[in-house]
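Here the protein sequences line up with chains A and B, keeping their order.
In terms of our numbering, the first sequence opens at residue -13 and continues consecutively.
In terms of our numbering, the second sequence opens at residue 72 and continues consecutively.
Treat the hints loosely; a few may be bogus.
Unchecked claim - Pairwise CB distance ranges (calculated):
(1) Gly432(B) to Lys87(A): 42 to 48 Å
(2) Arg243(B) to Pro257(A): 34 to 40 Å
(3) Val231(B) to Glu122(A): 30 to 36 Å
To be verified - Here chain A is said to cover these stretches of chain B; the calculated rule only asks that three of the stretch's residues, wherever they fall, bring their Cβ under 8 Å from a Cβ of chain A:
(4) 157 to 170
(5) 404 to 418
Said to hold, decoys possible - Which chain B residues stay away from chain A? Per the calculated CB distances, all over 12 Å, these:
(6) Ala290
(7) Ser315
(8) Leu400
Since the hints were derived computationally from the structure, they do not count as laboratory data.
Note that the structure is predicted; figures quoted are calculated from it, not measured.
Glycine included, every Cβ here is placed at the ideal spot set by N, Cα and C.
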Amino acid sequence: MSRSARLMSVFAAAVLAAACATPENAPSTAASSGAVEVESCGKRLTFDGAPERVVALDQSSTETLLALGVGDRVVGTANLKTRVSPQYAEAYGRIPVLSPKVLTAEPLRAANPDLVVASFKELFTADRAGTRDELEQLGVPTFVSAVNCPDGETEPFERMFRDFTDLGRALGVSEQAGKLVADQRAVVDQARAAGEERPAGLKVVWVYSVYNGIPYVAGKSGMASHMSALAGVDNVFDDVDQEWPEVSWDEIAARGPDVVVIGDLSERGNPGDSAAEKLAMMREHPAVSQLPALRDGKVVELPGIEMDPSVRTVNALRTFTTRLDEITSRG
Amino acid sequence: MADRAGLLDPAVEPEVTPSSVAAPGSGGGRRVAVLLLSLLVLAVSLVAAVRVGLGGGMGWDEIGRAVGARLGLPVPPLPRLADSLIWDLRVPRVLLAALVGAALAVCGAALQSVTRNALADPYLLGVSSGASTGAVVVVLLGFAGSHLGMTGGAFLGALVSFALLVFLLRRRGLDSVRIVLTGVVVGQLFTAITSLILMSSGDADSTRALTHWLLGSLAPARWQSVVLCALACAVGLLVVWLHSPALDGFAFGADTATSLGVDVRTVRMVLLVTTSLLTAVAVAAVGAIGFVGLIVPHGVRFLVGPLHRVLLPLSAVVGATFLVWTDALARVAFAPLEVPVGVFTALLGVPLFLLILRKRGEL
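All chains should be modelled from the sequences, with the hints used to inform the complete structure.
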């Protein structure tokens, strides 16, 4: 009883002192020789040694870390959106899931990370994982993917490769990162080369998801638009400067796409998420069903997860260009 | 909504007469005891809530070390992140819950009397709708990343909506029905503007952020907002409390209040401004946490009667305790997921409210 009473008086005094109190352990990260410096979305991160306790705030960054072969150093993940790629499933299974959804500040700090990696800087707000400034003050570097931090000149795939390179340097696995970049860049270069040969003017619509009967398609600012440009075809909704804008079926029909790409989100499991269901919906729609693309089967099915930026996106690019080759050769 | 007129009845028990306003009866000693007891409960709740659901295998020992280190006690310091979990996140969160709970409960009690409406709560005058419009504008302008931006936007929005309310109320008498109706109109207007902005240019992410914020969450609590809310509460609660006699008078209508020597129009305006500013600070800090400002004053009135000199401080203490515990529940119920605390204030508040109404024979 006296113990808790003492604690309570301590607490009460602390409350009074709270307003002006700040933690005395201020940041003092003098860059020693041999320290690695990495620029990440407006913050300069300094690593005196390779991080040993990494927390990834979302699936995409978790898969990137697994592709870099540092899964054993990931002490937490969160916000799993869909099934992990089979090649990483085993390594993923060993990582503690700190939260099935967006991670908040308390469990993040309880995990005692020395690096936090995220795909979006929006995950670092006071009501989510805590701000980047707060974590910086605590000596925890925060890495945000360059894909969602555009500089206005670098292409999305190159920004993703920069992520791999930077994370590789920070984590001391530059060799593995270099190999990953080389492999993926080969796919991109191949797609670009094939795109330059392809006759211009082929119009493509990317139907990503259908929610409550309303289609969400690829706009200008996502990977799908970039992949279309690489492959030498036109994304018909490039005039909308959003990633996945919602449009109407009539508008899709009016834009007259020559090829229809359908996202398969069957792992998500909602009605209308599988590619087959989306195709059936289109075949029933009076205007969309009349598109030559649908009548002649010029349809490409892709896993929806691969249409978003991640280490798996090159798979979508590869499938997309291969199918385009088949379709155009048919005439 | 069958008995719309009945809802505008005075929010007091009928047996109270003006004479008891001037001279509180023999229940004074009991009321002080109740107040002291509830303060003790609040103090214990504050300490206990810091412990509830603390992650990372931490307990009293770590809390003692984190707090003790701040007081210069010779305790072994905690690892940096564990220390910041307790001192930078958990302690301010519990304190902010208490401050916001107190502010909302007192604003609700005051507005119930000013508007003579048992259904009045701090959001009746549209302050929260204005705040959400401000927040959504800030989010869409691209400052969503910084919480400060959203807080500032919400506060500005609340001020704008309140300015509009005062503008609409500028002429003629400030009678209670007019205040309520104007508040509802202003609230609806800003709700419509928010929907318009969201539908025309919002994406899924900003909509989700706003929905979460609208339900209210104490997750963004930091020392900065604690200090701000503490200052606002200190001034605001004192101003409202000093108007206790006038608030007692309002319960019997403007004429009775005037006959008791209350400058009805001025006092009403002072109270509207004070409660609105206080609500704006609370909403900007943690979103529109519902139900606290509605049920706590009713519950406290049920316990100690309608005299505002006692009702207001006790509402503050009970509101603080209520929100501290509902927030603790919101933290642990679906851990590690956090449920917006507004969900729990309603879930707990509805049965409590029904219970009170039934005991009072109004249901």
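We went through each hint and held it up to the structure:
1. Gly432(B) to Lys87(A): 42 to 48 Å: holds, 45 Å
2. Arg243(B) to Pro257(A): 34 to 40 Å: violated, 56 Å
3. Val231(B) to Glu122(A): 30 to 36 Å: holds, 34 Å
4. 157 to 170: holds (count 7)
5. 404 to 418: Satisfied; 3 residues make the cut.
6. Ala290: violated, 4 Å
7. Ser315: holds, 27 Å
8. Leu400: holds, 15 Å
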